[in-house]
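Numbering (the UniProt record's numbering), first residue to last: 1 to 562.
If you're looking for bench data, these hints aren't it; they were derived computationally from the structure.
Owing to the predicted nature of the structure, the values given are computational and were not obtained by experimental measurement.
Where a beta carbon is used, it is the ideal one built from N, C-alpha and C, also for glycine.
Hints may be right or wrong, so weigh each one.
Quick list of the computed label-pair ranges, beta carbon to beta carbon [stated by the list, open to error]:
{"id": "1", "residue 1": "Asn478", "residue 2": "Glu451", "range": "17 to 23 Å"}
{"id": "2", "residue 1": "Gly21", "residue 2": "Gln508", "range": "32 to 38 Å"}
{"id": "3", "residue 1": "Lys251", "residue 2": "Lys372", "range": "55 to 61 Å"}
{"id": "4", "residue 1": "Gly515", "residue 2": "Glu536", "range": "34 to 40 Å"}
{"id": "5", "residue 1": "Gly21", "residue 2": "Glu47", "range": "19 to 25 Å"}
{"id": "6", "residue 1": "Arg442", "residue 2": "Ile53", "range": "35 to 41 Å"}
{"id": "7", "residue 1": "Ser319", "residue 2": "Gly515", "range": "52 to 58 Å"}
{"id": "8", "residue 1": "Lys512", "residue 2": "Lys221", "range": "53 to 59 Å"}
{"id": "9", "residue 1": "Glu451", "residue 2": "Phe558", "range": "30 to 36 Å"}
{"id": "10", "residue 1": "Glu502", "residue 2": "Phe558", "range": "17 to 23 Å"}
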Amino acid sequence: MIKIGIHNTGNFASAALFKDGEIIYACANERLTRNKYDSSFPFAVIEKGLTEIGMTYNDIDEIVLSWNSYINASNRFKRFSNSVNHPMERLHNSINAILPNLNIKHIDVSHQKIYYDNKSITFSFVNHHYSHIGMAYNTSPFESASVFISDGFGEETSSLLAVAKGNEIKILKEHNFPHSLGMFYGTLTEYCGFKSEKDEWKIMGASAYGNPERFYSKLSKLIHVENGNLELDLNYFDFYSFNSKGMFSNKLIELLEDDIKDNNPNQKMYDIASATQLIYEESSIKLINWLHSKSEEKSNLCLGGGTAMNSLFNGKVTSKTKFKNVFISFSPDDTGNAIGSVLYKDRIKKPYLESFLGSEYSNNDIKVYLNKYKLKSHYFERNELNLQIAKSIFEGKIVGWFQGRMEYGQRALGNRSILANPCDPEMKNKLNKIIKYRESFRPFAPAIIDEYGEEYFENYTYTPYMEKILKFKDAVINRIPAVVHDDNTGRLQSVSENDNFEFYQLIQSFYKISGIPILINTSFNVSGEPIVSSPEDAIKTFYTSGLDILVLNNYVIFKEDI
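Assemble the whole structure, with the sequences as input and the hints as a guide.
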């Protein structure tokens, strides 16, 4: 049976193809269309996935959408008003998106099924936050867990607290839009001159440079959490007026003493970011502690939803709450709902589902692109390749690393990555200046061999998806200045032999040369573009950026040769 899970109700539209309960292919639309944050219906992903398994639209048995169009979302977010006049349009548009691709002569529509030529396609709609549960709990290693899902909003809900055991899900509390942790954080992201639903992680990064006390008492007025309840003071927000440019009201501008006109870094922005992060953390901790008091599951916690991308908070959960074990998937945001919707609906459990679910290219495939662009390349067997690249990185070269199946989600985990030397104190500025073209206050991630995690990080836990930020131990900070943020933390990726053998072996080779079991790992893209998907994408990025070396499987291209 072929099922397609789809997220198409916001940024990072995506699709996941399942065959007999197994995920065959999953990808965000932007990776294939090359349109960053692409929110259009993910035809490109569906067609790519079907092609890879030799099937067509007519082989699809079920479409599962991660938004329940039957819920009347009367409290709609204002920016949807021009594109979605009524929630039922999502039902109408989703079905009409699929129909033209079916090779059929006659259609009979009955309930949620479309019948044609002695066959049918079922359209299923899964509540947005239940889809998040599917990704948060169903991919966790826990047989039972408390669950906290939080984001900007779903159909009506903005967050929920639940307990899961086996296939049973019990909802303990829900909060409805506009009262939302995600909207609180997103509004202040906009106030600082950035884009909500896209740039919240910039505020998280900027928070390390600020003093939270300067604006803490003022911003604390905006949100109230008590006894599991969440409420925003809507006098400071403007989610409904079509005349305002942002989600904040004039009262917030008055409270914070004038608006920030742009996103140029300054101390006021840093201080607001720091207070925003702290208040978000305190509010989340109160809700999680309430969940602990009401749930029969006292040890295990699963986090999901867009706010679970806040890795700075994620790294503090076990020390600030009573839960001992915390799981966050590789794609807790809406992108993951293409997968989570199917897992939740069919009650499929996939503990530690790996993130490498996209396209893969053989050496023969890559050779075609090398010939197309008439590129001089060098072929290395794997051991020699690792030694050559590790040596080049140690010498200060910046490497585009393209291997195996593409990662699913917003983070590069060693298959579509840019790699560099963490020991070079100038490497962060160099990467920002000639490749990433991004703000100076944003840190780069350390990919560390799992066995050395406790040597480098306080309260180290296995962190395979860059889902947590942890504090470096004082004794190691001077060894790896390029990955130490201003607050002495790092958004780490634990790399084990089982997770990603090739990437693990490369870091091991670097360790043998440098004595450091860490590489800088940042996503293989430049500012404004999605992470590369194909060898052609990688070659174009290599040409138009400051990368020194491009590695495509076993083939190596040196910038000096072109």
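In rising order, the numbers of the hints this structure does not comply with: 7
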